[in-house]
Structures are given as structure tokens and as C-alpha cells.
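Asks: Count along the sequence shown starting at 1, add 1, and that's the number in this note's numbering.
Calculated from the structure, these hints are not laboratory results.
These numbers were taken from a predicted model, which means no experiment stands behind them.
Cβ atoms here follow ideal geometry from the backbone N, Cα and C, with glycine treated the same way.
Check before you lean on any hint, since a few could be wrong.
Unchecked claim - Think about it this way: if two alpha-carbon atoms lie no more than 35 Å apart in a straight line, the pair counts; the simulated DSBU-like pairs of lysine-lysine are:
| no. | residue 1 | residue 2 |
| --- | --- | --- |
| 1 | Lys35 | Lys104 |
| 2 | Lys102 | Lys64 |
| 3 | Lys102 | Lys35 |
| 4 | Lys64 | Lys104 |
Said to hold, decoys possible - Derived DEER-like restraints, expressed as beta-carbon distance ranges:
| no. | residue 1 | residue 2 | range |
| --- | --- | --- | --- |
| 5 | Gly113 | Glu59 | 22 to 30 Å |
| 6 | Gly21 | Gly125 | 29 to 37 Å |
| 7 | Ala122 | Ala46 | 34 to 42 Å |
| 8 | Asp4 | Gly93 | 17 to 25 Å |
| 9 | Leu5 | Val56 | 19 to 27 Å |
| 10 | Val47 | Asp118 | 27 to 35 Å |
| 11 | Gly113 | Val40 | 31 to 39 Å |
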Amino acid sequence: MTDLHALAYTQEHEWIALDGDVATVGITDYAADKLGDVVYVDLPAVGAAVTAGDVCGEIESTKSVGELYAPLSGEIVEVNDAVSDDPSLVNGDAFGAWLIKVKVADASALDGLLDRDAYVALTGGEE
Numbered sequence: 002m003t004d005l006h007a008l009a010y011t012q013e014h015e016w017i018a019l020d021g022d023v024a025t026v027g028i029t030d031y032a033a034d035k036l037g038d039v040v041y042v043d044l045p046a047v048g049a050a051v052t053a054g055d056v057c058g059e060i061e062s063t064k065s066v067g068e069l070y071a072p073l074s075g076e077i078v079e080v081n082d083a084v085s086d087d088p089s090l091v092n093g094d095a096f097g098a099w100l101i102k103v104k105v106a107d108a109s110a111l112d113g114l115l116d117r118d119a120y121v122a123l124t125g126g127e128e
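Construct the complete structure from the given sequences, taking the supplied hints into account.
Replies: Next up, the structure:
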């Protein structure tokens, strides 16, 4: 079980786990629930540079298309091919089905992200 309080969150409903200078990024249960059944995930290429706040991918469901935003600036060092092959993994375990790993250019950028309590307040108490 992931310790949800150890993660950082964005207002775009992404979670971030930092290990050294590499951030693992996924979408929250709240986002997965709002999207509905995820049927397609388009992730950036390994080696691509991403800028915090910019779109870096796409998540499509039976209900809508959502954008994946880079929560931090840096370089994509890994993508979760299992999720690309089977997008429904996001619905089954949003906190286990990470999407991308980013070598972070400036880890102090995490300071601008939400903690768990602020994220739950943002979603109106929904987890």
C-alpha cells in the first residue's frame, strides 16, 4: 500500500513520489474515477525534456480525453510500458500504475505542490 501522505500532488490530479532526483508520476484515484474506463495512454518518449505545467501526454477514456501535465521540469528517464499496453491498469490501481519517471532539474519545485491534506481539500474531501 502506498503511503498517500508521503506523496506530493498537483491541482491537475497527479501524484509525485520523489526518490533522489527522480520523480515518479501518476494520476490520482480521483482523476481515474472522473475519467472513467481508461482505454488509451500516450506518454512522452524517454529522453524528452519536459517543463513543469506543460502537457506531456494524454489519457483517453470512454468518457473523455484528459491531458497529462509535467508536474516538474526535467528529462523523462522511464515510461510505464505496462500502462501503455494495458491502460485499464490506471483504473485498477491509480497509485500503483505510475506513468512516467522524470529526472528532476530542480527538486525545490516540489515545494510548490500540494500535500495530501491540501489535495483532499481541493477535491472536496474525495480521495
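Asks: Which hint numbers doesn't this structure obey?
Replies: none
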